[in-house]
Amino acid sequence: MNARATIRLLPDGRRLHLNDGPIDLIIGADGASEEVARAYQAAASRFVTILDELCEELPLLRTRASNNSPFPKGQIAGRMSEAVSPYQERCFITPMAAVAGAVAEAVLAAMTAAAELQRAYVNNGGDIALHVSPGHSYTVGMIERADTPSLFGKFDVSPTLPVRGVATSGWRGRSFSLGIADAVTVLAASAPAADAAATIVANAVNLPDHPAITRVPAREVSPDSDLLDLPVTRAVGALCAQEIFEALKAGATVARELQAKGWIHAAAVCLQGQVLLVEPPLDPIELKSADILPPVVATEVNNAPSQRNTHA
Amino acid sequence: MPEIFPKDTIRCDACPVLCYIKLGQTGACDRYGNIAGQLVRLDPHIVLDRAKSQGTPLVPFLEHEGEWDGALMKSKEMFVTAIGAGTTYPDYKPAPFIVSSEVDGVDMVTVVTEGIFSYCGVKLKIDTDRHLGPERNLVRSKGEPVGHVTTAEYGSQMLSLGGVHHLTGGTKSEGRVTCETLLDLCNGKEVALTIDDGASITVAAGKPPIVNGQQEERMRVGCGSATIGMFAKQWFGKVDEVVVVDDHITGVLSEHQAGKMLGMRETGISIQGRRSTPGRYFQVAQPGTGWGGTNISDPLAILKPFKAKIAWPHLRLLMVSTTGEHFAYYELDESLRPIEKDFPEPLRESVDRIRENCEPALTTVVFMAGAGGSLRAGATENPVKLTDSVKRSLTRVTAGGAPTYVWPGGGITFMVDVSRMPENAFGYVPTPALVAPIEFTLKKSDYAALGGHMEFVRTLDEVMREKQRQRQLASLPENPWPLKPVPKSEGEP
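Chains A and B are the protein sequences, given in the same order. Heads up, the first sequence is in the working numbering, so the first residue is 1 and it goes up one at a time. Heads up, the second sequence is in the working numbering, so the first residue is 1 and it goes up one at a time.
To be clear, the hints were calculated from the coordinates, so they are not data collected in a lab. There could be a bad hint or two in this list.
Some chain B residues flagged as far from chain A (calculated, every beta-carbon gap over 12 Å) [unchecked claim]:
no. : residue
1   : Ser173
2   : Lys238
3   : Thr413
4   : Glu462
Covered stretches of chain B (chain A as the covering partner; in silico rule of three or more C-beta atoms under 8 Å from a C-beta of chain A) [to be verified]:
no. : segment
5   : 12 to 24
6   : 28 to 35
No residue lacks a Cβ here, since even glycine has one placed at the ideal position from N, Cα and C.
Next up, chain B with everything else stripped away, as it sits in the complex (with noise of 0.2 Å):
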């Protein structure tokens, strides 16, 4: 059959129907179209309207807008994103929309493009104590790798995913699960990840990870040494000993500072593993999934016995994790064994109190991209000079209307929080590369300045007039305004 179709025609792999598409058309599902002989997402273009996120009335302040000469009418606020705008990658050709609207007296353009990233991939900030595989092992997504763990941060664990060593060099399979992969981790869909000698997760964008099966409620509030400094109080009189346990610094109240300052008693416990400073221990057990991310499920494991000539029977022992998820109350027998007790009363509440202030634990995915050569070229004539102008802050870049992080030195590699992004707002191309809507807003004489595309700048009421698949979405209210006009221009103060 497919000798048959003209050369134009492209095969969609994004379901099994695997539609035939013709050039300028769409597949069965309307949703993916034969644009330019490439397979493009086709959502419909999303305009963010700036009076739906304030509540404020949709009605126009006046009824006869056309009897009205204007001159002190706030034009509407809406933004034109790049989400569903199309791209006109690989041509070297203006941008698809290059917009013009006038925003607190200042004329600005905004230049819309979604721009196709094979440079580019996710890093994902996972709140646990969790081990969840050593440092630089591979994680992979259906078996194929599609990147690596990265460092260890308060609280987390960073993975790195993607980049254009997964994406395309590596085999078909490989750049095929990468890219979907982080599509869906950018469309906020759950992704099962596996890492090498380490932990199966399922992460999902502003959702608890769900780490071997289990999902994570909280992050710790602190170190077990921290949670020690800050409950001391509370368990003072209460008991005689508390032991918080964590991977980090195992924190042991009488031995500990704040202990000490209070006047607590010495109790003869010996904790195994690395003494620090006083109260504070290292590497009590391996890192695991277990008691605040070692590998034990039985906290007497980190005990070696008590000290006769210090210790005394009916001696109380709290012990807890850094995430108040696990807690077990001892008392000390006639030989000085600990027997675990019903868990008293008065101690619940110190308990409570740490997993209270422990914030919810989530996935946080923070996508992350550079801008090529020709996707700049759809701005300027000189793509050097958009970069330019973004380093001196003239221009802002935002990616579906969301505030964006642009890396200090060459080029332009920006990263966005994805959940700040309006619904689907990634596609991808078979290449395999990743779509991404991106928008460049900048004051308008700063724009012909850089050799702007100016014959194809439009008004944004012609735009919204044109366009047919358009949508338009409230603007996130925790985001700034992104038409807000940029601080300052060329030459002035």
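For reference, chain A alone in the conformation it holds in the complex (with noise of 0.2 Å):
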């Protein structure tokens, strides 16, 4: 028994909390009631040893990774070597990037290998696992402001939608970003891909050298830094609508880029009250008639059934 961790269930009597140190998972699952009983009870017992599993290895997951790196032990850890690695060679990065979506997918598989469940999802600060079985989907929304939530856009999550991870990622997030943006949501076909990839384009939302960008050497915040001494964003001045476009542009060029590669389905870049979207190749999302659209700075999974069904 790990001492440390929280696990309850929240006011709601429905949705499952796990905390333990930095990882913090809301979990919801629908099916039979004894089934989701199991399922949470398989989260739990699966939660409580991650995060002793991934301090084991932590060094090595702070170190930037390259093709001579060599593969951790760990479950959990292998994943996020596998999810960083397309990037490994062009950029840096190192595994914890994918760190959230990949725990979140884990305990997903514990539930879903323990309970026969309609649906679930595992949602871990933002990066989130899904499961949909046949005849069931989610829809995903996103919302202006986690503070004042307005539902601006969404999405259906089916089986047949090569879709199990969504992951945002930005500079006022709880991990740093070299980037600028205020967030970036990508759909892929994996929570730790999802959320690698979401680390990556949130990167490349950048106005390099522009004077109303604060950026600090990581270890300056935060002195044990898998970035080390790379500059974070730490406070973006307001911007004109040419910067936003400009800075917004060059996340959507390397997220199209990714999604040429088969690494991401869709994504959503947002900067200051704009938003620009990378649509999936056929799209069945509703996103798809402006470019320009109101702000977005986090996702949230409605865990109402779905409306309404996906159109190819």
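Join the two chains into one complex using the hints; note that each chain is given alone, in its own frame.
Encoded structure:
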């Protein structure tokens, strides 16, 4: 038994909340009540060892990934390594860029192995792993701001769509970003893949040497940061429309490249109230009308049953 | 690595990530930070909202508040708790928040600070008849001594955990485990404890205790003798003899005053143990976790052979524990030996009634701590005056908005039921010591009179506006509103 961990149902009596050190998961599942109970039990027993597993290899996971890096021993650490490997030769990235998505994926896998679920999600601070069985789907909504939620766009994840992971990255989040995006949301085949890709795209939303942007070597803020002395964004002043568009375009260009390689399904890139969308190849989502939409800073899983079917 | 860090950097040991945290920054979890070189838990600052708990609408009564002169407006009823407020220890500085607000026309001040308590502990009341261990024996968590067994109370066993001798007087590991155990109990988490020469228990505030793997369901309604008295009438006529098995006082219906009153016939029953008064027996067995808090699993073990001259074949005997949890029915055979039979339906109701009358068995956790001089100095330049004011009931002491009991005598030593406090109200520092919220509420005029830090008093509105990591919670309806003006003021009748 791990004495640190919090394992509890949220006050709604339906969702499970798991917390251990910096890991904080909100979990939901639909299915027969005894199946959901079994899934939650499995989630909790998988969860309690995760932080210790990761910390065992923390120095390796915090080191820049390269083709010569040793492959980690742990199952979750291995998924983190795999998720960042497509990027490791072209930029600085450590396996930590995929930690949240990999943890979400592992807990979801424990749940679906233990129980028959219609659908389930594990939300690890905005990095979400999804399970949908035939005939069921999730509607994922994007809201403007976490403190003043107003749904601006949503899309359905059905079993036929190659999306089981949703991740959001940006400088305002808990992790450091090299870019200036308020939020980059990525849909990908798995949660760790989405997590790593969101980091890469968010880093690309940038205006190098812009005077309104305050950057600080990561270790000045957090002495043991895996980003060493890379300049991380701490503040972004007001930008003009042209600058916003330029930064968004830089991010969207990278996102399209990742999409062309088949590493991500779609992305939304947000900066100071503006949004650029990188739509899926065959568009099943409803965000297609305009390139510029109201602001987005977070994603949220809508727990209500899907209201509409996806269409190709 | 560590030597290259500035000297104000600390290492957090709250989880295995072991973050290095610079002065004024937080760790990876965003919940522990380095404040003045101390590792401090930084949960959101909790503000209690009275309207939320009363279910009154949260929209303002007047739509255009600004156009009203405000004379008759009731100010919003909010109470700034110390949870997440931070602390100024060990500096002799004013408390982090000294908040003024007007309540029912009276100017009140609340001094809000998180206290760091090395002198603290919890008292556990565990509702069980089972024997948890001999009085004075050590209670252990993860093998480390964290407290001891103290008195048995009516239907409950008390444990005393923590205290300065376990926190800082023993080995480093003893202190760390004690701190962790207290923190978990205070924050409502489940804790596993073992008692030397006694039981293994799992306890959490407000939940049924688990003794040797078995969950307690009910608290006994009374001792065996009292149970006989309460239910004698319901048994009369349905059965010839009833024994209520209890480690404290086992009751026997036919011999008991209640049976005599009903004119019950002698049965020739003979009980192990020491007879106290008719129908009441002490020490029928050893204490344990079996029937009625004894060590027996077969109730016949407490019976000696029936007296042949008095007993008769087919005599009907009910044996039941004080909580109705255990029960069995016997009839004597031709040689007057009790033989267990199917439990008769007519008796089931009485057994159920015993069980119904037993309240749910719970563990309750009461936190007890003493506010030291430097904490009191955060409220006033002359700490003893605060003590004095508390003693004269001019100052109310709350913990996270929950009512406290302040011990008579010197100092400010208080107790609070942790289940009346908001969730996760406690933190710790690696000293080791617990961090607990404490608020002192008094009239503004009294605060000035006792040498309060008047220049640091801020209005409720100011505090509500500037505080960033703030979370508003409904106040618990069963708690008195902590800001209610204290009854009388200095010099008033």
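For each hint, the structure was consulted:
{"no.": "1", "hint": "Ser173", "verdict": "14 Å, holds"}
{"no.": "2", "hint": "Lys238", "verdict": "41 Å, holds"}
{"no.": "3", "hint": "Thr413", "verdict": "28 Å, holds"}
{"no.": "4", "hint": "Glu462", "verdict": "21 Å, holds"}
{"no.": "5", "hint": "12 to 24", "verdict": "holds (count 9)"}
{"no.": "6", "hint": "28 to 35", "verdict": "holds (count 3)"}
This entry satisfies every hint, going by the numbered hints stated previously.
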